[in-house]
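Each protein sequence line maps, in turn, to chains W and Y. By the working numbering, the letter at position 310 of the first sequence is numbered 310, and the numbering carries on one by one without gaps. If you count the second sequence from 1, you need to add 341 to reach the working numbering.
Take these hints with a grain of salt, some might be off.
Said to hold, decoys possible - What follows is a list of derived Cβ distance ranges for each label pair:
1) Y:Arg372 - W:Arg236: 50 to 60 Å
2) Y:Val370 - W:Ala75: 57 to 67 Å
3) Y:Leu540 - W:Asp238: 40 to 50 Å
4) W:Leu71 - Y:Asn555: 36 to 46 Å
5) W:Thr7 - Y:Asn601: 49 to 59 Å
6) Y:Pro588 - W:Ala54: 37 to 47 Å
Everything labelled a hint here was simulated from the structure, so no lab data went into it. Computed from a prediction, not measured in an experiment: that's the story for all the values here. All C-beta atoms in this analysis are idealised placements derived from N, C-alpha and C, irrespective of residue type, glycine included.
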Amino acid sequence: MNSAFSTFIVRRLLALPVILIGITFVTFLLLHLVPGDPARLILGEAAQDPQVVAAVRHEWGLDRPLHIQYLQYVAHLVRGDLGLSIRSRRPVSGDLARYLPATVELGAVSFALTLLLGIPLGVLSGARERTLTDHTSRVASLLFLSMPSFWFGLILIYVGYYVLGVLPTPTGRLGVMDVPPPAFTGLYLVDSAVAGQWGLFLRSLWHLLSPAFVLALASVGLVVRMLRASMVEILRQDYIRTAQAKGLPPRAVFYGHALRNALIPTVTVLGIQFASLFGGNVLVETVFAWPGVGLYFVESIQWLDYAPVLGATALIAAAFVTVNLLVDVSYALLDPRIRYT
Amino acid sequence: MRSSTRASAIPKAAADSASRPTGTLSLLVRRFLRNRLSLAGLMILAVWIAVALLAPVLAPHDPSDVNLEVRLLPPGPGGWLGTDYYGRDIASRIFYGARYDLLISLFAVGVALLSGAPIGVIAGYRGGRVDNLIMRVIDVIMAFPALVLAMALASVLGPGLEKAILALAIVGMAGYARLARASTLSTREEVYVEAARALGAADASVLWRHILPNIISPLVIRGTLGMGFTVLLAASLSFIGLGAQPPTPEWGAMINEGHNQLITGSWWVSTFPGLAIMSLVLGFNLLGDGIRDVIDPRLHTV
Numbered sequence: 001m002n003s004a005f006s007t008f009i010v011r012r013l014l015a016l017p018v019i020l021i022g023i024t025f026v027t028f029l030l031l032h033l034v035p036g037d038p039a040r041l042i043l044g045e046a047a048q049d050p051q052v053v054a055a056v057r058h059e060w061g062l063d064r065p066l067h068i069q070y071l072q073y074v075a076h077l078v079r080g081d082l083g084l085s086i087r088s089r090r091p092v093s094g095d096l097a098r099y100l101p102a103t104v105e106l107g108a109v110s111f112a113l114t115l116l117l118g119i120p121l122g123v124l125s126g127a128r129e130r131t132l133t134d135h136t137s138r139v140a141s142l143l144f145l146s147m148p149s150f151w152f153g154l155i156l157i158y159v160g161y162y163v164l165g166v167l168p169t170p171t172g173r174l175g176v177m178d179v180p181p182p183a184f185t186g187l188y189l190v191d192s193a194v195a196g197q198w199g200l201f202l203r204s205l206w207h208l209l210s211p212a213f214v215l216a217l218a219s220v221g222l223v224v225r226m227l228r229a230s231m232v233e234i235l236r237q238d239y240i241r242t243a244q245a246k247g248l249p250p251r252a253v254f255y256g257h258a259l260r261n262a263l264i265p266t267v268t269v270l271g272i273q274f275a276s277l278f279g280g281n282v283l284v285e286t287v288f289a290w291p292g293v294g295l296y297f298v299e300s301i302q303w304l305d306y307a308p309v310l311g312a313t314a315l316i317a318a319a320f321v322t323v324n325l326l327v328d329v330s331y332a333l334l335d336p337r338i339r340y341t
Numbered sequence: 342m343r344s345s346t347r348a349s350a351i352p353k354a355a356a357d358s359a360s361r362p363t364g365t366l367s368l369l370v371r372r373f374l375r376n377r378l379s380l381a382g383l384m385i386l387a388v389w390i391a392v393a394l395l396a397p398v399l400a401p402h403d404p405s406d407v408n409l410e411v412r413l414l415p416p417g418p419g420g421w422l423g424t425d426y427y428g429r430d431i432a433s434r435i436f437y438g439a440r441y442d443l444l445i446s447l448f449a450v451g452v453a454l455l456s457g458a459p460i461g462v463i464a465g466y467r468g469g470r471v472d473n474l475i476m477r478v479i480d481v482i483m484a485f486p487a488l489v490l491a492m493a494l495a496s497v498l499g500p501g502l503e504k505a506i507l508a509l510a511i512v513g514m515a516g517y518a519r520l521a522r523a524s525t526l527s528t529r530e531e532v533y534v535e536a537a538r539a540l541g542a543a544d545a546s547v548l549w550r551h552i553l554p555n556i557i558s559p560l561v562i563r564g565t566l567g568m569g570f571t572v573l574l575a576a577s578l579s580f581i582g583l584g585a586q587p588p589t590p591e592w593g594a595m596i597n598e599g600h601n602q603l604i605t606g607s608w609w610v611s612t613f614p615g616l617a618i619m620s621l622v623l624g625f626n627l628l629g630d631g632i633r634d635v636i637d638p639r640l641h642t643v
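Sequences and hints are given; from them, build the entire structure.
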């Protein structure tokens with residue numbers, strides 16, 4: 001590991017806390033943009049009693065100058081205190097912890113689908129340029145990128161569940177009659193496997209597939225376009241012709257020379273997609289009644305329940321930057337040609 | 342052009358350099374027209390713009406005409422795209438809706454571009470502390486997934502079209518600023534910019550004559566693709582009840598109004614507005630791709 005590389009990693013790691021502080025600054029500003037008294041927002045329904053309101057106002061420093069208020073706000077965040085939800089009457093942080101596993105599980109499965117669908121389609125499209133396969137997959141990927149995912153989710157539910165009856169009920173992570181597996185990680189796939197409840201494992205996978213598929217489609221569109229472009233470009237390079245001319249079997253040229261190089265730019269796109277799958281799924285969760293952070297976020301918006309809105313916003317953004325950073329660093333490890341600037 | 346060949350050398354050179362931009366432009370236009378996909382994008386957009394302008398002529402009914410006797414009619418003689426829960430004609434609502442979806446995105450992208458680009462140019466051109474500060478703010482805004490920040494902003498600002506536009510503009514701004522900064526940075530180091538500076542050109546004139554022409558094309562490409570993305574974001578906002586409010590015939594709001602009727606089998610209420618969104622976004626994506634292929638010669642062989 002050379003010094004330029006270590007400097008790159010250290011610089012990226014040092015930038016993270018700065019951005020995290022910036023995120024708290026944005027949510028603090030948002031909290032003050034909400035019409036009304038922030039103390040009432042933090043307290044929710046308990047805001048009936050003026051004495052309680054005064055106490056909270058003092059505790060959160062709302063009777064102090066703005067910069068002190070901000071420091072108090074950060075102090076609460078650091079302790080995991082994100083205020084109270086009007087709707088659930090519970091602390092926002094506890095709610096978020098309960099909803100997070102569903103979001104992580106959905107994001108992970110949908111990322112797996114992105115890889116499973118996007119990479120073969122993109123490679124096929126690039127290797128068979130200007131054939132019917134290529135045209136079909138290009139048009140399809142453009143359509144995937146252009147449609148509203150929440151709308152496609154509704155259509156899928158309508159056709160797959162109401163009309164054909166082949167897809168599971170859109171009731172979230174399991175059917176109405178199912179009992180969740182004993183909580184261990186909160187990820188139903190893992191928990192049911194650990195408990196040896198394989199029927200439950202299959203049912204929760206079955207419920208995961210439709211929302212994960214809908215969520216994956218836009219990323220699939222991006223990956224196909226990206227991979228196709230780099231495959232087409234690389235298959236025209238001299239070193240491919242050289243490899244073919246010296247008699248390497250086509251399979252070896254394809255996998256060893258073409259695909260390996262074509263995947264490099266795609267890995268960056270995949271990294272961004274990986275991060276955004278955890279934050280970009282708010283509407284897909286809503287449509288499928290998937291009890292994750294996104295559904296919690298959207299329902300809180302509709303209830304004008306601002307403490308959870310801002311708490312979820314902060315959590316999603318923090319996860320998004322952190323995952324992005326990890327992807328950047330691992331990408332730098334994978335590709336020795338990357339410039340550490 | 343022919344008459345100038347007889348004149349002295351100086352006017353000829355001037356005439357030549359004046360004719361070059363149109364020459365390049367016509368080359369670009371020809372290259373653009375050769376690409377069938379980008380032509381298709383242009384046509385889709387032209388159709389939607391025509392529909393938006395001619396909505397009063399094209400629409401068979403008033404978009405907010407409630408008629409409970411004809412509610413939830415399937416596509417057919419009662420209306421070619423059917424009627425919704427309140428008996429409103431869906432085709433008419435989609436025609437009028439084109440106005441809202443086009444205008445929301447146009448304003449949001451316009452505000453984002455016109456405020457973001459100058460910020461980025463200043464950051465890139467000045468460098469140093471100003472640049473550092475601006476870039477950190479941009480980093481923070483871009484740390485939020487676009488949809489989540491747009492929703493959080495729109496929710497604290499409250500419902501309404503103008504607020505949705507403002508939220509979308511703030512979310513979009515950072516991207517244009519970052520792009521303008523990057524282009525400015527790479528242009529700033531060019532020899533001709535250095536030469537202009539050495540000759541004593543003022544900052545304003547360097548920015549206007551040398552930097553601006555070089556940063557416009559990436560911004561136009563991003564802006565066109567950004568229009569499509571913004572249509573999706575705007576529809577997402579109104580789908581959850583932010584942004585356009587009922588009975589506004591905005592497409593995302595229409596999907597929301599229809600989604601409870603899916604259970605009863607009235608699929609057409611949500612389906613058609615969704616197709617409208619998809620075609621409009623597709624148009625912007627195709628056009629943006631086409632412009633990028635034309636302007637960026639490195640990519641246009643692919």
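Now for the hints, and whether the structure bears them out:
{"no.": "1", "hint": "Y:Arg372 - W:Arg236: 50 to 60 Å", "verdict": "violated (20 Å)"}
{"no.": "2", "hint": "Y:Val370 - W:Ala75: 57 to 67 Å", "verdict": "holds (60 Å)"}
{"no.": "3", "hint": "Y:Leu540 - W:Asp238: 40 to 50 Å", "verdict": "holds (43 Å)"}
{"no.": "4", "hint": "W:Leu71 - Y:Asn555: 36 to 46 Å", "verdict": "holds (44 Å)"}
{"no.": "5", "hint": "W:Thr7 - Y:Asn601: 49 to 59 Å", "verdict": "holds (56 Å)"}
{"no.": "6", "hint": "Y:Pro588 - W:Ala54: 37 to 47 Å", "verdict": "holds (43 Å)"}
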